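Participant: Given next are the chains, with one letter for each unit.
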Amino acid sequence: MSPDAPGLPPSLRTLAASLRTRSIGAEELARSLLDDIAASPLNAFLDVRPEVTLAQARAADARIARGEARPLEGVPIAHKDVLVTRDWVSSAASKILANYRSPFDATVVARLSAAGMVTLGKLNCDEFAMGSTNENSAFGAVHNPWDLAAIPGGSSGGSAAAVAGGLTPAATGTDTGGSIRQPAAFCGVTGIKPTYGRASRYGLIAYASSLDQAGPLARSAEDCALMLSAMCGFDPLDATSLELPPEDFAKALQTPFAGAAQAPLQGLVIGLPREFFGAGLAPDVAQAIQSAIDQLTALGARCVEVRLPRTELAIPAYYVIAPAEASSNLSRFDGVRYGHRAADPRDLRDLYRRSRAEGFGAEVQRRILVGTYVLSHGYYDAYYLRAQKVRRLVAADFDQAFTQCDVIAGPVAPTVAWDLGAHRDDPLADYLADIFTLPASLAGLPGLSMPVGFGAQRRPVGLQLIGPRLQESLLLRVAHQYQLATDWHLRRPAQPAPVDH
Amino acid sequence: MLSRQDVLRLAELARLAIDDDQADQTLLGLTAVFDLIGQLEQADVSDTEPLVHPGADPALGVRLRADRVTESIDRQANQVSAPRTANGLYLVPRVIE
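First to last, the sequence lines map onto chains C and P. Under the numbering used here, the first residue of the first sequence is numbered 1, with each subsequent residue one higher. Under the numbering used here, the first residue of the second sequence is numbered 1, with each subsequent residue one higher.
Bound conformation, chain P alone:
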């Protein structure tokens, strides 16, 4: 059973600001979801390997690209949508005092 404390801990892990008023509402929604996904307990999964993705072929592994330059990143185009930049860098609040 999920508690209000759990909700606040999860919100912290997920970096989502949730105030006290919202916590109860969120708890309600999450409790309903956890009732649903709790049904997984009924499944007999003994001797079953997990399926990570449906194209997964363990024999092939992960396909890698050759390590060579194909295109370069246009920094300016990339930063068009950034909230704050200066001299090609992303600005954030001071991290080290």
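Chain C extracted, bound-state conformation:
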């Protein structure tokens, strides 16, 4: 926010109330944030169109004046670039879609607009959401607001950095193997990946269709609950959308736990998977996670050890399944119907080969090649089919664990955010760091990340909560109780020096 503007209130609920009572105007708020975005050194935004945003904000102010405010009227949001938008470029942070204009809005974008939210623009991410550092963006890496030398995480790195840096109170992200939870953890914000099928994938530029899921990133569990209520719902345009009645996740936060008369979380059993606390976990992260678990225990929860024996196998299973689906999904980018086309093609084959080679970055090409291999004749059973069987076993591990506990808790990532460029020569190091987020992705389970302290170099640590299928509200209730008793989610980084353009 500019120095003379009021700071962003601590929650979306209070922000929506301030807008509704007209103690702050939607246009004034949007204008102030657009100024901050223009001056920000984070590189979190890829496309900003002030005239479109301000028109939306004025319409919100008019609705409020008429007494027709919708639940999140005038509240600003920004969308990850893999979600298509009619009014902003949707590039998926790829050169191959550099100027792509979608003829429609993704369902989750349309639903959040229908709740009254004002869109600030599109957020940087790893190209086609493939990556854990944001360094795979064709438009430059995003910086972590807590330390500009650090990665923000990925692939929804722009989303997490923009929320942490105060450029937007809320953002959408997508999570295929941890892409909401890990950047939320690295940037000290709260994020939730809902159960597979909760949020529509219509208009989500596909990476791995059996894993992709959209979700919110914001300051708190309460903010995420408000957004999730608006985002989710049955969509006939997505064949895997679940036919469920609408759920008010924010209202559910008021439901007390069984033993709440004694302590807020009394009666809750938290499972701690032994495999999440092994030698690979950095001591600074382990310490912050332990403090968070102690706090949850102090709030009345009881902890038990559970086992997720296929945790390590989740890595190779994911890195077969996701590239296989990616190689198929990305075959549509051929230089004919949209995006980059190579100059002076000799023939159609040359046009395809060079447009794709010029348009896709190195990591995307690597995953396409891996996917092509594991799906090719003679290797399908050994890799793809086998990975899908391991996927069933990973899901079965969770079923077994949830017979002993209500939710599972553990670290989001083995370390805090590393330095930009640290894994440049070793992309596999990024793959291995996904170990704690991949199992829930493969099983399609809801997973939440919330800030619980700081590790080395004062970089944030996130606690992951994993729930049984469709138990988002349970995760949000646990996180909400934790956040009522602690203030990690309210900590903000020092404002970096603005950049003059």
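In short, the hints are calculated from the structure, not lab data. Since the structure is predicted, the reported quantities are computational estimates derived from the model, not experimental observations. Among the hints, a few may not be true.
Here are the computed lysine to any residue pairs in the SDA-like style, where the Cα-Cα straight-line distance is at most 25 Å [to be verified]: (1) C:95 / P:86; (2) C:251 / C:486; (3) C:95 / P:66; (4) C:95 / P:8; (5) C:95 / P:81; (6) C:95 / P:71; (7) C:95 / P:38; (8) C:95 / P:78.
Let chain C serve as the given structure and place chain P on it in line with the hints.
Facilitator: Coordinates of chain P only, in the frame set by chain C:
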């Protein structure tokens, strides 16, 4: 063990132009990935059915939409981002001589 020839064959299947210089670099990256995914061999998957997607319920099958017109495609809006079009058609190099 993946060979340079394999890389070039895969690149051809995936329609990715890779020149000779890049092939060695690509081979290096892919070999590391294949070492990782080779770990799947250790898994005991006997008597296990594949899980295609986590919402999959074989009893329900795939949900289909009713076969009726709901909206029509705005061809012009669709082609705004196309590299080359003429009269509503996509232009590509000559396919049949």
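Participant: If a hint holds in the structure, say so; if it does not, say that too.
Facilitator: Verification of the hints:
1. With a C-alpha separation of about 24 Å, the suggested pairing of residue 95 (chain C) with residue 86 (chain P) holds against the 25 Å cut-off.
2. Straight-line distance between C-alpha atoms of residue 251 (chain C) and residue 486 (chain C) comes to about 21 Å, which keeps the hinted pair within the 25 Å bound.
3. About 37 Å separates the Cα atoms of residue 95 (chain C) and residue 66 (chain P), which puts this hinted pair outside 25 Å; it is violated.
4. The straight-line distance between the Cα atoms of residue 95 (chain C) and residue 8 (chain P) is roughly 23 Å, inside the 25 Å bound, and the hint therefore holds.
5. Pair hint residue 95 (chain C) plus residue 81 (chain P) holds up; C-alpha atoms about 13 Å apart against a cutoff of 25 Å.
6. In summary, the hint linking residue 95 (chain C) to residue 71 (chain P) is not supported, as the alpha carbons are separated by about 30 Å, beyond the 25 Å threshold.
7. A hinted pair counts as satisfied when its Cα atoms are at most 25 Å apart, and residue 95 (chain C) with residue 38 (chain P) does not qualify at roughly 32 Å.
8. Taking the CA atoms of residue 95 (chain C) and residue 78 (chain P), the gap is near 19 Å; set against the 25 Å cutoff, the hint holds.
Hints 3, 6, 7, counting from the list given before, are not met by this structure.
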